[in-house]
Amino acid sequence: MQIYPAHEMNVLQDSLIELIRRASAEIPEDVHKAILGSLEAEKKGTIAESAMKIIDRNIELAKNKSQPICQDTGSIIFYVDCPVGFDQLTFADAAREAVKIATKKGYLRQNSVDSINGKNDGTNLGPGSPTLHFHQHRSPEVQVRLVLKGGGCENVGAQYSLPNEKLKANRDLDGCRKVILDAVLQAQGKGCGPGILGVCIGGDRATGYEHSKEQFLRRLDDQNENQELNRLEQDILETANKLGIGPMGFGGKTTLLGTKIGVLNRLPASFFVSVSYMCWAYRRQGVTLDEEGKIGQWLY
Amino acid sequence: MINIKTPISEEQIKSLKLGDEVSISGTLFTGRDAVHKYLHEGGQLPPAVNLKDGILYHCGPVIVKDEQGAWKCVAAGPTTSIREEPYQWQIIRDFGLRGVIGKGGMGDKTLEACRQHGCAYFHAVGGAAQVLAECIKRVPNVYFMEKFGAPEAIWEFEVVDFPAIVTIDANGNSLHKEVFEASEAQLAKFI
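So the protein lines, in turn, are chains A and X.
1111 is the number that the working numbering gives the last residue of the first sequence; the numbers go up by one with no jumps.
197 is the number that the working numbering gives the last residue of the second sequence; the numbers go up by one with no jumps.
It is worth saying that the hints were derived from the structure and are not from the lab.
Model, not experiment: these values are computed from the prediction.
Among the clues, some could well be false.
Chain X is nowhere near these chain A residues, computed Cβ spacing over 12 Å in every case [claimed, not checked]:
id, residue
1, D841
2, L936
3, H946
4, T1099
What follows is a set of in silico ranges between Cβ atoms, one per label pair, in the way DEER data are often shown [what the hints assert, rightly or not]:
id, chain 1, residue 1, chain 2, residue 2, range
5, X, Q122, A, K977, 31 to 37 Å
6, X, Q74, A, L943, 36 to 42 Å
7, A, K916, X, E164, 24 to 30 Å
8, X, K195, A, K854, 19 to 25 Å
9, A, K930, X, K183, 36 to 42 Å
10, A, P974, X, K11, 52 to 58 Å
11, X, D167, A, K979, 47 to 53 Å
All C-beta atoms, glycine included, are put in the ideal place defined by N, C-alpha and C.
Construct the entire structure; sequences and hints are all you get.
Structure below.
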């Protein structure tokens, strides 16, 4: 059982602050590669190319200055894979403290607002902030992944209930394809494209969105183990990039950098397709922690 | 690249076309959700916030105090503008704005207000918080800090060569409309 005694709490906390700093200031290498590919692909001298150049310069500046890539440092979502008997309560305390300190240091914006009275106490702590998902596994290793997801891209997410008569989308994979592409069309540049889609086919209204967000833990260059979904991911990516929406919705060749699709069982009565949109400022990082709470490896 | 300096003349704004890349220098005031709702409901601006012939920036920056106690902007990209669509037309009309900077574009009401009152929408690159923060040379003042909190306050920025693209002009044209219509027609071919 791992309980993090008091003297190790600081070690754990420091590790989590470093995880937050890096997640906020540095784009993962797989995403950066996709962005450079898109900069290359845009026609020279267009405003799409200008936008991609600014994005590329921004990535470099943020890393060098150790400052947030985007001022909207987003929803703070931790995914923790931990062994049986892991002390989740202590970990959650350390995570909250780390968020508070990271906010003071300016790695995170004062970004959490009381939904009733509009007050922002500047700590980033409150109901739902940060969000922690714990998953037990039969391995002694502790893995902590962090996604910071901005509000602009969160706002263009969409959930469809099939059949959808307007889009002529039935309860099959072709119907899923139609609604996913509709989500891309509706999003235009509003979610800070070129974007990345995380999709869940099935589940209920809550688990569908949750699972769609978990797709953002996958590397952009991985392959879906399910062949049908793998083909659909490729198809959505290629088709979206023929629509001409382009970076920021300025028109251009890159509308999406990737699409990741997961699946959950559904009830006979329900058929949801949940689409989460991630902006190009795709902030995702992860670490393994040793028994004292020190960072072992970086996961991305 | 077209240089724009605040205060801006109606004539210069009307000469801008969709897709023009501009470089903005002078004073910007930030204002986002809380400020728009407040002004829409008849709230008053502090006397020092003069929007006439100026630019409003849809932005909730990350600001810290430096060692000397002066405000320093560490991240300041644009926020999504469409949330201000119910209010923006009125603020353009009542306060004499010549420009709005944001991201993601705006709708028909704003497009019409831009045409009627000589205003343009400048699209900054969303997420480019560091590149844009570098253009903010000084943060002389903040207003409504207590009332709205840091991201929603009105920050006064002195900027040099702030890059943006004209996506709604003062002559009734919107790049957002054009791209939406073209992409919708394109999508119809693939489904």
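We went through each hint and held it up to the structure:
1. D841: 17 Å, holds
2. L936: A:L936 is indeed farther than 12 Å from all Cβ atoms of chain X, at 14 Å.
3. H946: At roughly 30 Å from the nearest Cβ of chain X, A:H946 sits farther out than 12 Å, so the non-interface label holds.
4. T1099: 29 Å, holds
5. X:Q122 <-> A:K977: 31 to 37 Å: 34 Å, holds
6. X:Q74 <-> A:L943: 36 to 42 Å: 38 Å, holds
7. A:K916 <-> X:E164: 24 to 30 Å: Distance hint for A:K916, X:E164 holds at roughly 25 Å.
8. X:K195 <-> A:K854: 19 to 25 Å: 21 Å, holds
9. A:K930 <-> X:K183: 36 to 42 Å: 38 Å, holds
10. A:P974 <-> X:K11: 52 to 58 Å: 55 Å, holds
11. X:D167 <-> A:K979: 47 to 53 Å: 49 Å, holds
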